[in-house]
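Chemist: In case you want the letters, here they are:
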Amino acid sequence: MTEYILAVDIGGSKYMIALLDSHGSLVEVSYHKWRTLSKANVIDETITSTRELLGKHLDKSPSMIGITIPGLADPRRGIWLKSSFSGIGNLSIGSIFQGEFGIPVYIDNDARACALAEKIFGACKDKENFLYMTISNGIGGAVFTNNMLYYGGYGHAGEIGHCIVVEDGYPCKCGNNGCLEMHAAGPGIVRTYLSLAGNSGPYDKSLDAKAIAELAKKGDATALKIFQLEGYYIGKVVATISNVLNPEIVVIGGGVSLSFSLFEESLNKTMDKYLFKSANPNLKIRASQFGYNGGIYGAAAVALSGKNQLYNWANLSLG
Amino acid sequence: MMFRFEDYSITDVNTRKVLQCILEKGPITKRRIQKNTGLSWGGVYNSISKLLDKNVILETGQIRKDTPGRSPNLFDINYKENLSVGLDVTLGKIIGVVSHLDGKCIYSKTLSMKSNLSQDVIEGLLNVLYEIYDFVKEADYIKTIGLALPGSTIKGWDKEGLEHPFHGIFPKNLKDLVEEKFGAITGIFTDPDCLLASEINNLADKSNKDIIVVLRWSYGIGLSMLMDGKIYQGSNRMSGEIGHTVIDPNGELCSCGKRGCLETYASLQSLIRKIGPVSNFKEILNLYNNHDPYARKIVDDAMDKMSIILANTINIIDPTILIIGGEFASLPKEVFESFKAKIYQHIMIGSETQILQSNLDDKATALGAALLIRDKIYYEVFELK
Ligand SMILES: [Zn+2]
Ligand SMILES: [Zn+2]
Chain A
16 MTEYILAVDI
26 GGSKYMIALL
36 DSHGSLVEVS
46 YHKWRTLSKA
56 NVIDETITST
66 RELLGKHLDK
76 SPSMIGITIP
86 GLADPRRGIW
96 LKSSFSGIGN
106 LSIGSIFQGE
116 FGIPVYIDND
126 ARACALAEKI
136 FGACKDKENF
146 LYMTISNGIG
156 GAVFTNNMLY
166 YGGYGHAGEI
176 GHCIVVEDGY
186 PCKCGNNGCL
196 EMHAAGPGIV
206 RTYLSLAGNS
216 GPYDKSLDAK
226 AIAELAKKGD
236 ATALKIFQLE
246 GYYIGKVVAT
256 ISNVLNPEIV
266 VIGGGVSLSF
276 SLFEESLNKT
286 MDKYLFKSAN
296 PNLKIRASQF
306 GYNGGIYGAA
316 AVALSGKNQL
326 YNWANLSLG
Chain B
4 MMFRFEDYSI
14 TDVNTRKVLQ
24 CILEKGPITK
34 RRIQKNTGLS
44 WGGVYNSISK
54 LLDKNVILET
64 GQIRKDTPGR
74 SPNLFDINYK
84 ENLSVGLDVT
94 LGKIIGVVSH
104 LDGKCIYSKT
114 LSMKSNLSQD
124 VIEGLLNVLY
134 EIYDFVKEAD
144 YIKTIGLALP
154 GSTIKGWDKE
164 GLEHPFHGIF
174 PKNLKDLVEE
184 KFGAITGIFT
194 DPDCLLASEI
204 NNLADKSNKD
214 IIVVLRWSYG
224 IGLSMLMDGK
234 IYQGSNRMSG
244 EIGHTVIDPN
254 GELCSCGKRG
264 CLETYASLQS
274 LIRKIGPVSN
284 FKEILNLYNN
294 HDPYARKIVD
304 DAMDKMSIIL
314 ANTINIIDPT
324 ILIIGGEFAS
334 LPKEVFESFK
344 AKIYQHIMIG
354 SETQILQSNL
364 DDKATALGAA
374 LLIRDKIYYE
384 VFELK
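The listed protein sequences derive, respectively, from chains A and B.
If you read the first sequence in my numbering, its first letter stands for residue 16, the second for the next number, and so on.
If you read the second sequence in my numbering, its first letter stands for residue 4, the second for the next number, and so on.
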């Protein structure tokens, strides 16, 4: 019998709700923009949209719910501890959904969820040691070691975004200068573009990483340069981490990964220069195949891992 | 000398459990072994017989009882007849140790090496082994031999263009060679893995939740990591190679063929070359402590570069403990503290990783090799694949 999964992906400006089967085939996905971002409203809007979607597929009733959240999650208790974009914190989203729909709910942060998605549905099905990184408005990472999701000693493992990539670079909220996140995530891309383009560039206030990617595709020299830099920054950090972890594959997801072709060459060149090749002769770097829907597959993967207790999921030792 | 692995090794889980219990609590009675291991009476009986057969344990007497009836026998490890030998084969010297099953070192021998030609190094390590066998006298008492070699020597055997510290061809069949000559089960491990084993053996407070990263900062630079009770090996046993993290692709040429690796800034080998005329870390430290400006600049620069790479490593691995070992562990306390502060400065806020200065002596890596090979035969602590 086919099992169905309800997947909820919560983002900074939008959210997605989807119904999938346990093999990862999408039944339907719906995309929404937040009307207001508050603790109560996040719950209201997602539950309303969920009811709407489920109402259309009464014959495919889900047996589990997976939710991905941006920021810090306590997957064991289903609590969204801290948001990376708003004041939302300490929200028991797991038990609220469970009370509402009466089926088990599993939550985790987006990077770990997407790493699970690569393991269950994606490029890492047969891989035991790999690195996943997501690049959009921020940068997150997750690590699989010995075929298990790796949490680290205090649940902080995979903080790729705060690896230093530019000496004396842009200051970061973590207290350091030149963190990867400050230079290679969306806002950093825009910032560097603006500083390189001066005041004469063809841009307006709505300029974002996606718009700069469009400019690059049209041949804008500065935009192309920005994506060369992007490949360089990512390559440098991925090489360092690969020397430590010796992974089989690195998968890059998140919004910026949709422009992978724009920085792939520079990324590979940087890896050639920085990676200890003799130790990592077969290392591959790939863009996630899930594109825009990454979070949905992530949420579904969290539900499957949670329900079937796979890959050490939620087995972290938080304080 | 011929022997078979099966004759020695203890493969069944219960017997390993019993052995570990005796190691920790011996001398001990069967009754207490049963209590501690949770095994059935028959299971304990079987395991005890097996261990007695293999001479791994012996009866050490009886508990004195005032009540009538037979007094229960006490069992303990047959320490004398179950020795594990470890060798740390590194640039400039070979250190050999003989250890009991519990990791206690009972003999050590250091041989200074002038030559780094592979054939001389092999001759040196065989000579250290001969001296060890002379000390032990009964060759049969030595059951295992562990060899700690630089990672690049082990890993580079099949790869061209990768230089290892010893010049000339290093024999691929070293393990067989040693096993044939000495008749003890032999294993070859990377030096950071061996140091990790020693550090863990030495840690007073540890839990199986601990994620422990050990840096061997010495002639070369390598990391070893204990995760989930296992030494992490990566996808092709090549993890922990932070020495070859490129810092400046236009920098000095490194032994790996790339330019500007961390090792060209921070390995003891490069420091000796840059600071010269010095031949070891102690002499460099003397210059450093006497405020020699050039030595200060080079060593401070090495610590700067190392602190960033270690901070990035902590950001990814999030270990509970990071231990700095190798020659650089002998940095004066206040210098080490400022180095530590530099690492913390680069780590993301919220990290709780404890950074420790190793307090083990220069025999630690050799002892770790003895511990790791002991693991293979007697019982698994580190679960090396
Ligand atoms: Zn940062
Ligand atoms: Zn190198």
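Treat each hint with caution, since some may be false.
As the list claims (entries may be wrong) - Restraint ranges, calculated between C-beta atoms of paired labels, are given here: (1) A/H47 - B/D231: 35 to 41 Å; (2) A/K188 - B/G254: 30 to 36 Å; (3) A/G102 - B/V16: 50 to 56 Å; (4) B/D251 - A/H47: 45 to 51 Å; (5) A/R66 - B/N239: 46 to 52 Å; (6) A/L96 - B/E255: 55 to 61 Å; (7) B/S210 - A/K188: 29 to 35 Å; (8) A/L96 - B/K212: 19 to 25 Å; (9) A/L96 - B/D56: 54 to 60 Å; (10) A/E18 - B/N239: 57 to 63 Å; (11) B/G186 - A/E18: 54 to 60 Å; (12) A/I118 - B/K107: 54 to 60 Å; (13) B/V16 - A/N330: 55 to 61 Å; (14) A/D36 - B/E355: 38 to 44 Å.
It is worth saying that the hints were derived from the structure and are not from the lab.
From a predicted model like this one, the values you see are computed outputs, not experimental measurements.
The beta-carbon is built from N, C-alpha and C at its ideal position, and this holds for glycine as well.
Chemist: Any of the earlier hints contradicted here, and which numbers?
Modeler: 6, 10, 13
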